[in-house]
Amino acid sequence: MAGARAGAPFKDFYQWVSPTRVIAGRGLIESAGFEFAKEGARRVLVVTDEVIRETGLVDRVQDGLRDGDLEVAGVFDAVPPDSDSAVVQACAAAAAEHGADAILAVGGGSVMDTAKAANVVFTHGGQVRDWEGYFGLPRADDGLGRPDELAPLACVPTTSGTGSEVSFAAVIKDREQHIKYQLADWPMFPRLAILDPAATATLPPRLAAATGMDAMTHAIEGYVSTERTPHGDAQALQALRLLRDNLLRAVQSPGDEDARGNMLVAACLAIGPTCTGAIGIAHSLSHPCGGRFDVPHGVANAINLPVVIEFNAAGGTEIADRYRDLCELLALETGGSDEQVGATLAEHVRGTVRELGLPGRLSEVGVTEAALPQLAEDAMGDGCTLVNPREPTEDDFEQLYRRAL
Amino acid sequence: MLAGEPVPARRTRKGVHVPYFSSEQEVYDHIGRLFTELMADDELRPQFQRANTIVQYRYRNPESQITVSMLEGAQGQVDLGPTGLDPEVVMTMDADTAHRFWLGKVNVTVALARGQMKAKGPVAKILKLVPLVKPVFPRYRAQLEQAGRGDLAEVS
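Going down the list, the protein sequences come from chains A and B. Residue numbers for the first sequence follow the working numbering, beginning at 120 and rising by one. Residue numbers for the second sequence follow the working numbering, beginning at 11 and rising by one.
Only chain B is shown next, with the shape it has when bound in the complex (with noise of 0.2 Å):
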């Protein structure tokens, strides 16, 4: 488990608070690809289906929303934006922590306390994966850096 997470943002020479990613493209392009990914992963799809549910998370600072199906027997499913799936449980979160998540810098328990996720629905479901994603953190910075954006993995 990690500490808190006082500081969620980069800050310019202003001091004045920006986001990791400046568009909800940027979002998808990093977040998104990562859950396309795993689910696409035959190891990995599996282990997550067995959460048997679908998750939307829904991120701030940009405004954006990723779905993904974790139905054990279905196909995986992850919907970029607007979705036809309906969502069992929703997570919202700036979309800051949710890099944060898969950077391993945030305690999902504190963030639950501190308002920095909000979990809907059978929050069980998904509560089990979390021990299950920890080997895909080193996964997510590869994935940054081999897109150039190793800056983005530079956090507190």
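Chain A with its partners taken away, still in its complex shape (with noise of 0.2 Å):
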């Protein structure tokens, strides 16, 4: 390995969370009652969107949950790509109306999302938004204690990417503010996630294409990061190693059900750096995006990578550094200036993408070079600026979405 990590000092603070179970194998869905019923669920609530219920996936969901002696209490089905304040109300009042004590998300991000900010208002009460923000769910002791739990939540992701089965963050769209907002707070994580290559079976290679590079933009931002943990660096280089070997092979061989697996749990692995914060502004730039142009995340994520990364190596060689180790892991050349593995490596990010058949340019996908002054400013107000490696102004903002542009 490079020296990015040889004389890494040990850090004043860092935590680290991650209290999902996880299992992963073949065969799992049809054993999703024996295993969410450990975690408490007794009559569950299936939130999942029209598509995937027309796969017959949900049918098989249904099914194991009642094998394993749970009640269904009702599909919520109604849940759209970029779900919003609105299904999230309505996937709680479902699982008021259905008698529901538990929720089990079948899907992709936004489904998992809907069922995740929707058991906080199951739960607690109230409209999404009054719990909008990080840490703010009730906890005893005046809010300095442990927080309430919320009611038992599992996930089977049909989707390689979001890594949202196993995080504690939900990301839902404002239509008239044309925002994402997000609440997190530790019981927001799934108390359950099931890994199963069966889920992503009928998976589009584009869609499959897409959330693979959202997984590798957190393996890559994690690794970066400031708020980078040694506990971090672990998930996001196995979660790299498995993209490296899986993500084309899943894409362009969807029956490859191998690759579909370890793509689910590198999309889990990757994700595990950003619960401690380290996420960089690959995902500034591509909130924006999505908020007001409706950019899919993992396709935004794939095209301003590239030149977060030259951005983020040319801040000084610590930063660098760490790109090394990543070029090394994927063999590709490890010398030369900062600039130049940045160049390596954002170029090796680009040539992915073009493989994977994703577009390569922000202007591709509708974003106008008018709205740039905007984007920016929204990318300069996300969260993930402020852990980013290398500190950006707005007008690097600019620039950076022109570049991608």
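None of these hints come from the bench; they were simulated from the model. Backbone N, C-alpha and C define an ideal beta-carbon position, used for all residues, glycine too. Take the hints with a grain of salt, since some may be wrong.
[As the list claims (entries may be wrong)] Reference excerpt, derived from the structure (chain B facing chain A, CB under 7 Å, subset only):
id: 1; residue: G91
id: 2; residue: K115
id: 3; residue: V120
id: 4; residue: L122
id: 5; residue: K128
id: 6; residue: A129
id: 7; residue: G131
id: 8; residue: A134
id: 9; residue: V140
id: 10; residue: V143
id: 11; residue: K144
[What the hints assert, rightly or not] Under the rule of at most 25 Å between Cα atoms (straight-line distance), these lysine to aspartate or glutamate pairs were calculated in the DMTMM-like manner:
id: 12; chain 1: B; residue 1: K115; chain 2: A; residue 2: E483
id: 13; chain 1: B; residue 1: K115; chain 2: B; residue 2: E155
id: 14; chain 1: B; residue 1: K144; chain 2: A; residue 2: D515
id: 15; chain 1: B; residue 1: K135; chain 2: B; residue 2: E82
id: 16; chain 1: B; residue 1: K144; chain 2: A; residue 2: E517
id: 17; chain 1: B; residue 1: K135; chain 2: A; residue 2: E517
id: 18; chain 1: B; residue 1: K135; chain 2: A; residue 2: D293
Using the hints, build the complex out of the two chains.
Set out below in structure tokens:
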């Protein structure tokens, strides 16, 4: 390995939280009830979307729940690709109306985030935006003690990218304000994540590609963030190995169950560092693209990640050496100046994006030049900006958008 | 970014934690004054007003509250204590944490993760201000010294 981590100091503080029980393997959908019962579920609302429901997967999950002696209280399948506040409220209301005591999400990031946010409203009441923010859920001891538990939540991810099945945040769209907002707190970690490649068997290759690039962005940003940790490094590096070996296979050969299973694990690992806040400005750039132009998150990350790598690598040898580690893992050239190593890794990412058949420029996905100042202002206010290894200005953001346009 | 802060307050000889500020009025005299002066600054106020929001800072130990209107196109307003403003964002923390933040000793990300700061509402609106306030840190330190309270600037 290059020297980036050899002389790393012991951090003054970090914490690692990973309470979700992850089960991975084949045939697990059929034992969803057996597994979810261990988490306290009895009467389950299944949350999904219409497309997934049409594949028959939801029927299999329901059979699996019943086989484990759980009741299926109902199915809420009205989650759109970019879920919003109204959908979350409707989902929470459905859980109450059906008398559910637990929620199981079957879907991608939008479905899982809807279920997580709905679980907050279902448990604590109010409107979802009442709970916007970080670590704001009710706690014992006048807000300083242990947070109150939410209803049991399990996730069956049907994409390999978001990692929401093992994260403590939910991102929801406000369609009136054209923004995406977050709510995040420890109880929002799902209690159970079921990683079964059967759940991604019908995933369209383009979606597999975009979500896979989301996972790659989590791993790469997590590894260089100011909030990186040794625990997170381990997950990011293993995620990147799995992505290196499985992403193209899973997209180009959708029948490859091994590749799809490994991609589920990769996505699950890649999100790990972000649970300690280790992420960066590729996400800051991408969130406004989704909020204002409906660019799918994985596609936006695929486009924005290379310019961010180049920007960060030019910010100092310490950052560039982290990228050098990643280049070594990817069997790329590790020598040269800071800028050169950034360019090497960025070009590798661009090449991967091309091979995956994804768009390479923001202008290809509807982002306009006129919007760049507004997007830059939005990116400046994104929480991910605070933990990027190189501190950007709003002008930097506009320049990055121009380079990605 | 700075590291987390395991020692939030001064100690007496008996080892008991003592907050930096002994009264609500002291919070207003120092942190309140800083906010008031920032919002009266013709250069800084427009930058803060890009947040276009009303933020309420609720402090513990001692109990106190500062509400800051940063609405675009309006006069800045800082209310110390009771207010008629309707805050959009509420930040809750010990007054010690606020004091140490303005001295540049608090990593906001870590403070949020540790629960030392609680953020409710559209937090992104004020997170964008964090890079802007870094130049204010020496100003706060100087303000304390001018007030004859340089002792308060000695924090870990």
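Consistency of the hints with the structure:
1. Checking G91/B against chain A: minimum C-beta separation of about 21 Å lies over 7 Å; hint violated.
2. Look at K115/B: its Cβ only gets to about 11 Å from chain A, farther than 7 Å, so that hint breaks.
3. Given the 7 Å rule on beta carbons, the hint for V120/B holds: about 6 Å separates it from the nearest Cβ of chain A.
4. Annotation: L122/B was flagged as interfacial toward chain A, and the flag holds, the nearest CB pair being 5 Å apart, inside 7 Å.
5. About 6 Å separates the beta-carbon of K128/B from the nearest beta-carbon of chain A, less than 7 Å, and the hint is met.
6. Look at A129/B: its Cβ gets to within about 4 Å of chain A, closer than 7 Å, so that hint holds up.
7. At its closest, the beta carbon of G131/B sits 6 Å from a beta carbon of chain A; the interface hint therefore holds under the 7 Å criterion.
8. The interface hint given for A134/B holds, since its Cβ lies 4 Å from the closest Cβ of chain A, which is under the 7 Å cut-off.
9. Here the hint on V140/B is kept, as its CB sits about 6 Å from the closest CB of chain A, short of 7 Å.
10. For the restraint placing V143/B at the interface with chain A, the shortest Cβ-Cβ distance is roughly 12 Å, beyond the 7 Å limit, so the hint is violated.
11. For the restraint placing K144/B at the interface with chain A, the shortest Cβ-Cβ distance is roughly 9 Å, beyond the 7 Å limit, so the hint is violated.
12. A threshold of 25 Å between alpha carbons decides the hint, and for K115/B with E483/A the separation of about 43 Å lies outside it, so the pair is violated.
13. Proximity of K115/B to E155/B is assessed by CA-CA distance (about 17 Å); at most 25 Å being required, the pair is judged to hold.
14. Proximity of K144/B to D515/A is assessed by CA-CA distance (about 18 Å); at most 25 Å being required, the pair is judged to hold.
15. The suggested pairing of K135/B with E82/B holds, with an alpha-carbon distance near 12 Å, which does not exceed 25 Å.
16. This hinted pair checks out: K144/B and E517/A have alpha carbons roughly 21 Å apart, not beyond 25 Å.
17. Restraint check for K135/B and E517/A: the C-alpha separation of about 18 Å stays at or below 25 Å, so the hint holds.
18. Note on K135/B and D293/A: the hinted pairing holds, with a Cα-Cα distance of about 15 Å set against a maximum of 25 Å.
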